[in-house]
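2 protein chains.
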Amino acid sequence: MVKILEGLRIVEGAAFVAAPLAGMTLAQMGADVIRFDRIRGGLDHERWPVTETGRSLFWAGLNKGKRSIAVDMTTPEGQEIVTRLICAPGPQAGIYLTNLRVRGWMDYDALRQHREDLIMMSVKGDRSGGPQVDYTVNPAIGFPSATGPEGSEEPVGHVLPAWDCITGQQAALGILAAERHRARTGKGQLVEIALKDMALAMLGNLGIIGEVSVNKYDRPKMGNSLYGAYAQDFVCADGARVIIVGLTNRQWDNIQRATDTRAAFEALAQRLNADLDKEGERFKHRAEITKVLKPFFASRSVDAFGTEFDRAGVTWARYRTFMDVVEQDPDCSVENPMFSMLDYPGIGAYLTPGSPIAFSDVERTCPRRAPSLGENTDEILAELGYSDRDVGAFHDAKIVAGPGSE
Amino acid sequence: MVKILEGLRIVEGAAFVAAPLAGMTLAQMGADVIRFDRIRGGLDHERWPVTETGRSLFWAGLNKGKRSIAVDMTTPEGQEIVTRLICAPGPQAGIYLTNLRVRGWMDYDALRQHREDLIMMSVKGDRSGGPQVDYTVNPAIGFPSATGPEGSEEPVGHVLPAWDCITGQQAALGILAAERHRARTGKGQLVEIALKDMALAMLGNLGIIGEVSVNKYDRPKMGNSLYGAYAQDFVCADGARVIIVGLTNRQWDNIQRATDTRAAFEALAQRLNADLDKEGERFKHRAEITKVLKPFFASRSVDAFGTEFDRAGVTWARYRTFMDVVEQDPDCSVENPMFSMLDYPGIGAYLTPGSPIAFSDVERTCPRRAPSLGENTDEILAELGYSDRDVGAFHDAKIVAGPGSE
Numbered sequence: 001m002v003k004i005l006e007g008l009r010i011v012e013g014a015a016f017v018a019a020p021l022a023g024m025t026l027a028q029m030g031a032d033v034i035r036f037d038r039i040r041g042g043l044d045h046e047r048w049p050v051t052e053t054g055r056s057l058f059w060a061g062l063n064k065g066k067r068s069i070a071v072d073m074t075t076p077e078g079q080e081i082v083t084r085l086i087c088a089p090g091p092q093a094g095i096y097l098t099n100l101r102v103r104g105w106m107d108y109d110a111l112r113q114h115r116e117d118l119i120m121m122s123v124k125g126d127r128s129g130g131p132q133v134d135y136t137v138n139p140a141i142g143f144p145s146a147t148g149p150e151g152s153e154e155p156v157g158h159v160l161p162a163w164d165c166i167t168g169q170q171a172a173l174g175i176l177a178a179e180r181h182r183a184r185t186g187k188g189q190l191v192e193i194a195l196k197d198m199a200l201a202m203l204g205n206l207g208i209i210g211e212v213s214v215n216k217y218d219r220p221k222m223g224n225s226l227y228g229a230y231a232q233d234f235v236c237a238d239g240a241r242v243i244i245v246g247l248t249n250r251q252w253d254n255i256q257r258a259t260d261t262r263a264a265f266e267a268l269a270q271r272l273n274a275d276l277d278k279e280g281e282r283f284k285h286r287a288e289i290t291k292v293l294k295p296f297f298a299s300r301s302v303d304a305f306g307t308e309f310d311r312a313g314v315t316w317a318r319y320r321t322f323m324d325v326v327e328q329d330p331d332c333s334v335e336n337p338m339f340s341m342l343d344y345p346g347i348g349a350y351l352t353p354g355s356p357i358a359f360s361d362v363e364r365t366c367p368r369r370a371p372s373l374g375e376n377t378d379e380i381l382a383e384l385g386y387s388d389r390d391v392g393a394f395h396d397a398k399i400v401a402g403p404g405s406e
Numbered sequence: 001m002v003k004i005l006e007g008l009r010i011v012e013g014a015a016f017v018a019a020p021l022a023g024m025t026l027a028q029m030g031a032d033v034i035r036f037d038r039i040r041g042g043l044d045h046e047r048w049p050v051t052e053t054g055r056s057l058f059w060a061g062l063n064k065g066k067r068s069i070a071v072d073m074t075t076p077e078g079q080e081i082v083t084r085l086i087c088a089p090g091p092q093a094g095i096y097l098t099n100l101r102v103r104g105w106m107d108y109d110a111l112r113q114h115r116e117d118l119i120m121m122s123v124k125g126d127r128s129g130g131p132q133v134d135y136t137v138n139p140a141i142g143f144p145s146a147t148g149p150e151g152s153e154e155p156v157g158h159v160l161p162a163w164d165c166i167t168g169q170q171a172a173l174g175i176l177a178a179e180r181h182r183a184r185t186g187k188g189q190l191v192e193i194a195l196k197d198m199a200l201a202m203l204g205n206l207g208i209i210g211e212v213s214v215n216k217y218d219r220p221k222m223g224n225s226l227y228g229a230y231a232q233d234f235v236c237a238d239g240a241r242v243i244i245v246g247l248t249n250r251q252w253d254n255i256q257r258a259t260d261t262r263a264a265f266e267a268l269a270q271r272l273n274a275d276l277d278k279e280g281e282r283f284k285h286r287a288e289i290t291k292v293l294k295p296f297f298a299s300r301s302v303d304a305f306g307t308e309f310d311r312a313g314v315t316w317a318r319y320r321t322f323m324d325v326v327e328q329d330p331d332c333s334v335e336n337p338m339f340s341m342l343d344y345p346g347i348g349a350y351l352t353p354g355s356p357i358a359f360s361d362v363e364r365t366c367p368r369r370a371p372s373l374g375e376n377t378d379e380i381l382a383e384l385g386y387s388d389r390d391v392g393a394f395h396d397a398k399i400v401a402g403p404g405s406e
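Residue numbers (the numbering used here), protein chains in the order written: chain A, 1 to 406; chain B, 1 to 406.
If you are wondering where the hints come from, they were derived from the structure by calculation, not from laboratory data. Among the hints, a few may not be true.
Which copy is meant is left open, because identical chains are indistinguishable; a pair holds if it fits in one copy or across any two.
No farther apart than 20 Å at their CA atoms in a straight line, the calculated lysine to any residue pairs in the SDA-like style are these [said to hold, decoys possible]:
no., residue 1, residue 2
1, K221, E154
2, K216, D32
3, K221, T290
4, K398, E327
5, K3, W48
6, K216, R271
7, K221, E153
8, K278, R250
Computed from a prediction, not measured in an experiment: that's the story for all the values here.
Using the sequences and the hints given, assemble the complete structure.
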């Protein structure tokens, strides 16, 4: 982790990807992020992937570096504990990150009665509060219909919950922006972002809304081509598959040099009466370009050209499965300072990423694992000013729980 | 836009998605973001999608709300202009966002000679500075091999440059974190993020590294299923396609109620000796669940069940193409306060998103279009203290350019 946000305190009541990812991102940057959950765990407590004994590797991944308190929020005492937690004093506290849709005592208006300058970051499905998730937003905004082999009619969903990941990052950004505003003006506020709005905004940002509106063009499936330039995957002699990218002219030059095809492409350009030094022309003639390059890869194993490609600055990569990545890629190992081996109680040790951002003025330290559910219940209650006797009574009445009770 | 960052000033020297998206995101939150480019435009100046006359809708999308200056950086005068721009005084200035790999005068160490507390946010391909892009990072970390129809051997790349989008958001976050640190300590710094590290971190965050390491399981392609729970796409009687999601038990209950299949699923559970109220069991028996639900959709048009699904709180969506989205979805129209119709010189008017985040204490105003290349050259030079005579001489010597000169 990189403690650039040390001192900042965020209380998180959330589940699944976007909001917990926002909290985790800030935790890995040094913020004290306290996640509260029901005593039996939140909706994502058993989310796959899970170990053979049912421990969620997903939960362990998205809650790294946080502290955990488990509270029965159906009780008045539980509601008071969570309210005190969210609205605790301190200039860098009073920030609440949530995607829960609990009405009443957890509303922004109710909570700010307890802290006027509260910042509440609320992540929603759609702008009307509808129950949209990554798996519905993606089909609704068009990507699955444009993904997959040319000519196929089957929509292809993404495996990466990209909208969740993007929205989570933007929610973290929204928190820092609101905290900056509060430090300057003294004012807190309600900050809201909807998963579907984030996706629609990106549709506009990438020029796709413009393309539909101005060009009246509905982009079809194009396999693994790079729209508007050249990229293609090839099968090599050893059965491995690689992708090469010729987006910029430098990349295109490097491909020609490394595959010794400059003369062949000059001949092709002449035959097609095309200027292949223009990215759009490379895209239009991508099938012809691929024909020229195919024999190079079909007759060579990756070992035979990989080193030379790197030396020549070719932008390329080998296709890997998830297991290949973990087993073969040095970037996915402790050789990469972002990664550490961490031991998770009840699971074992495995490679764990810290923050991917490096700050030259803040040392990178080992990431912290996710807490067990309720692991920090007692210390958090003590910080809130509850006495040992109070804490004991809460446990006896099953209003709070420590670790191992789920 | 939402002017929560008003006063903050960022200078951007960048191209393509991740870094320009970071700048655009901050611009739409009110920061003054000045993008500098070569006189003929950066590498992304003609990036697709483009209009029939070659104007880049991509560029227009990723540079909204910025100001533009065009400078010949091969000249000493041009280098001095850009250095003065990056290192201009002011407590909220002195922030440089880049993905350029220019050595020498644009290094962090060279630039900080001109402003000791400079913040430089550098977006790289991989941690070693290799030329990785979204199109190579994605195959390299495994997602294409796990995407697409069950049993298929063909890797499927994503159409959304997801790693760029995620990295861009995190780069914006890194800037705010570093600026917060500078406001507290007076210290600037070099901040770095690599696209591939961001992707590898997410592989860990989502539990996939854990799954490979602990379970020794390499997740295969699973079509449009939701790993570890239930989601499936169906073709309806009118040919439309929808997806339904049964991740949480509430979602699963709503599906059963809205499709009147509770009795059928009780029978199925008994026959399979399975507890379908457990998300993992729903996943394991997804093919059987789909068999039960298929006739419902095959015999109905979307109109026949859509309203009822919404009323029952079903988490579902209709598959759309990009054109469908723009033509049919009210969320993708000026009904949504995030969107405005903006007029782009040389292109025309089309729907443009502002910031997807809403801040209750900061009014949402109309987004600003992207500038033309060099549109703000003269005003920016004046702000840097150059006289009218200097500016005229720079133009005469082709050291700078105004709009329309590319």
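Now the hints, each set against the structure:
no.	hint	result
1	K221 x E154	both (10 Å within a copy, 14 Å between copies)
2	K216 x D32	neither (49 Å within a copy, 33 Å between copies)
3	K221 x T290	within (18 Å within a copy, 26 Å between copies)
4	K398 x E327	neither (45 Å within a copy, 53 Å between copies)
5	K3 x W48	neither (30 Å within a copy, 40 Å between copies)
6	K216 x R271	neither (31 Å within a copy, 52 Å between copies)
7	K221 x E153	both (9 Å within a copy, 18 Å between copies)
8	K278 x R250	within (11 Å within a copy, 53 Å between copies)
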